[in-house]
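Construct all of the structure, not just a fragment, from the sequences and the given hints.
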Amino acid sequence: MDFFQDAPELTDTWTADPALRAHLERLLPDDVLSRVGPGLAELGVAAATSLQALGERAESEQPRVEHYDPWGRRIDQIVVSDAWTALHGEQARLGLAAIPYEGDHGEHARLVQLAVQHLYGPSSAVYSCPVSMTDAAVRVLLDSAEPELRDRVVPKLTSRAADAWTSGQWMTEKPGGSDVGRTETVARPLPDGGYALTGVKWFTSATTADCALALARTLDADGNGVAGSRGLGLYLVEMVDPRDGRRQIGDTIRVRRLKDKLGTKALPTAELDLDGAYATPVGPPHRGVKTISGMLSITRLWNAMSSASGLARAVQLALSYATRREVFGTPLVEQPLHRVTLAELQVDYEATLALVVRASELTGRVEAGVASEADAQVLRALMPVTKLFTAKYAVAGASEALEAFGGAGYIENTGLPALLRNAQVLSIWEGTTNVLSLDLLRAAVREHALAPLLADVAERMAGADVPELAESVRLVASQAQSLGAAAAAWADAGQDAVEAGMRAFAMRVGTVYTAALLLEHAAHRLAKHDDAAAAVANRWVRRELGGPEDVSPDPTRLRQADVILQAPLATIGGTA
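The UniProt record's numbering applies: residue 1 is where the sequence shown begins, and numbers increase by one.
Possibly wrong hints are sitting among the right ones.
[To be verified] Here are the simulated lysine to aspartate or glutamate pairs, DMTMM-like style, with alpha carbons at most 20 Å apart:
(1) 261 with 56
(2) 259 with 241
(3) 528 with 554
(4) 265 with 56
(5) 290 with 179
(6) 290 with 403
(7) 174 with 275
(8) 156 with 90
(9) 174 with 273
(10) 259 with 492
(11) 174 with 61
(12) 392 with 273
(13) 156 with 210
(14) 392 with 375
(15) 261 with 66
(16) 392 with 344
(17) 156 with 143
Hints listed in this document are in silico derivations from the structure and should not be mistaken for laboratory results.
Computed from a predicted model, the values in this text were never measured in an experiment.
Next up, the structure:
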C-alpha cells in the first residue's frame with residue numbers, strides 16, 4: 001500500500017500563538033481585550049481556513065494587464081483574481097487600515113491593529129501591502145492635506161465597506177530608489193490649483209489602488225524647478241479624475257508592464273508613464289520629502305508586522321509538520337536535534353514579535369498624544385531598527401522553516417516556497433538594511449535619539465530583577481553600555497569609518513533592545529507561573545550576546561527546548 005504523508009495543518013492561528021496572546025494580555029486593558037478578543041478568535045479560524053484558501057488562489061491566479069479593449073481603445077486594465085478582490089473586502093470589513101483612526105481603542109489602537117494584521121497578513125497573499133500604504137496615506141493626509149482633500153478622501157480610505165479605497169505609493173524612478181533627489185517626474189501647476197504630473201514611475205506597488213501618493217519636482221509657472229530633494233513636492237493622484245470623473249488609467253496614466261518579481265506574485269506592481277496625470281498637492285510644494293516622513297514610519301511598522309507574522313506562520317507550519325512526520329519510528333518533533341532547531345526558530349519568532357509589539361505600542365502612544373518626549377525619541381531610533389532587524393530574521397527564519405520540511409519545502413505547489421519568496425521583499429521595501437542603518441545614524445546624531453533608546457533598555461529591565469533572569473540582565477546591561485561607548489567614539493572617527501560600521505551597530509542595537517523586551521515580558525510571565533518566556537529570553541541573550549557557545553554535549557539545551565516548545569506544540573492543533 002502506498003504511503004502518503006499528511007500535510008501540515010493549521011485550524012486556528014490565534015489559539016496556536018500563545019506568545020501573541022500573552023503580549024496582548026500584558027499590554028491591553030481588560031476592557032479593550034474583552035472587546036477585541038472574540039473577533040481575534042474568529043479571525044484565527046478564518047486565517048487558517050477560508051482566508052488561507054483565498055490567499056492560495058490569489059497566488060495562483062496572478063494579475064495581468066490588458067492594454068486595449070476589443071475596439072482598440074487604450075484601457076490598461078489590470079485584471080486580478082476574484083480571490084484578491086475578496087481579500088480586499090475582508091480587510092476592509094476588519095477595519096485593518098481604519099482601526100488606528102476610529103478612536104475606539106485610544107493609545108492601544110496600534111496594538112489591536114497589530115493583532116488583526118498578525119492573523120490576516122500571512123493568509124492574504126500580501127494584500128497587507130496595499131493596506132499598509134493605505135494606512136500611511138491616511139496618516140499623511142490627516143497631518144498635511146488641505147481640509148477639502150482630507151475630508152473627501154480619508155473617509156474612503158478608512159471605510160469598512162467592500163468598496164473602500166486603497167492607496168499606493170509612486171516614489172521609485174529609474175535614476176534612483178532611495179536617492180529620491182534624482183526624481184525626474186515633474187509637476188506643472190494648473191489654474192484650478194491642481195498639478196499635471198509627467199514622467200516615468202519605475203516601480204509602483206499596488207497599482208490597482210484607487211489613489212496614490214507620488215513625489216514629483218514642482219515647477220513654477222515658467223517651468224522652472226529646484227534641483228535635488230528640496231525641489232520635490234508630494235501629490236495625491238486619484239485614478240478617477242476628481243474634476244470630471246474621467247478615468248486616468250489608460251489616458252494620462254499608462255501601464256507599461258507589470259513587474260515579474262521573485263515573490264509577492266498576487267500583488268500588481270507596474271511601471272507607469274504619467275502624461276499630464278491630474279494630482280492634488282499634499283503639503284508645501286517643495287517639502288515632499290519632509291511630508292512623507294510620517295508615511296515611512298507607518299509603512300516601516302507594517303513591514304515589521306509582516307516580518308513577525310510571516311515568521312509566526314512559518315514556525316507554526318514547521319511545528320505542525322514535525323508532529324505529523326515520522327522518521328526512524330518516532331515523530332520528527334521527538335528527534336532531539338530537530339526539536340532544538342524548532343525551538344531556536346520559536347525564539348527568533350518571539351524576538352521579532354517583542355520588537356514589533358514595542359514599536360506598535362509606542363506608535364499608538366504618540367498618535368494618541370499621550371507619549372512623553374522620551375517615548376517619541378525612542379520611537380524615532382527604534383523604527384528603522386525594528387524594520388531592518390525583523391526583516392533579516394524573517395528571511396532567515398523562512399529559509400530555516402523550509403529546510404524543516406526537507407524536499408517538500410522546495411516543491412512549489414506545497415505553497416511553502418512562497419513563504420521565502422514573499423519574505424525576501426521585507427528587507428528591501430521601504431529601505432534596505434543599509435539605508436535604515438544610516439537612518440539610525442541620523443536619528444542618533446541629528447535628533448539625539450540613541451541615548452533615550454539605551455536608557456529605555458535599562459527601564460525595560462527594571463522589572464526583571466528576579467533570580468531566573470539575573471545573569472541575562474547583567475549581560476544585556478553590559479552590552480547596552482558598550483553600545484553607548486561605541487557611539488561616543490563616533491566623534492573622533494571619520495564619517496566614512498562611522499558609516500562603514502553602521503550595519504553591525506544597528507543589528508547590535510536591535511539585539512540588545514530585543515533582549516531587554518524579552519526579559520521584561522519574561523518577568524511578567526514568571527509572575528503568572530509561566531517559565532516559557534524566561535526560557536526564550538535567556539536563550540536569546542545567551543545565543544546572541546554571550547559570545548561563542550560551548551559545543552560540548554549539554555543536556556540542558558534539550559530541556560530548555562522542551563520548555564520553549566511546550567505551549568506552541570500544545571496549541572498547534574487549535575486547542576489550548
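Comparing the hints with the structure gives:
no., hint, result
1, 261 with 56, "17 Å, holds"
2, 259 with 241, "25 Å, violated"
3, 528 with 554, "28 Å, violated"
4, 265 with 56, "11 Å, holds"
5, 290 with 179, "14 Å, holds"
6, 290 with 403, "43 Å, violated"
7, 174 with 275, "17 Å, holds"
8, 156 with 90, "16 Å, holds"
9, 174 with 273, "12 Å, holds"
10, 259 with 492, "46 Å, violated"
11, 174 with 61, "29 Å, violated"
12, 392 with 273, "34 Å, violated"
13, 156 with 210, "10 Å, holds"
14, 392 with 375, "25 Å, violated"
15, 261 with 66, "19 Å, holds"
16, 392 with 344, "15 Å, holds"
17, 156 with 143, "17 Å, holds"
When the structure is compared with the earlier hints, violations turn up for hints 2, 3, 6, 10, 11, 12, 14 and for no others.
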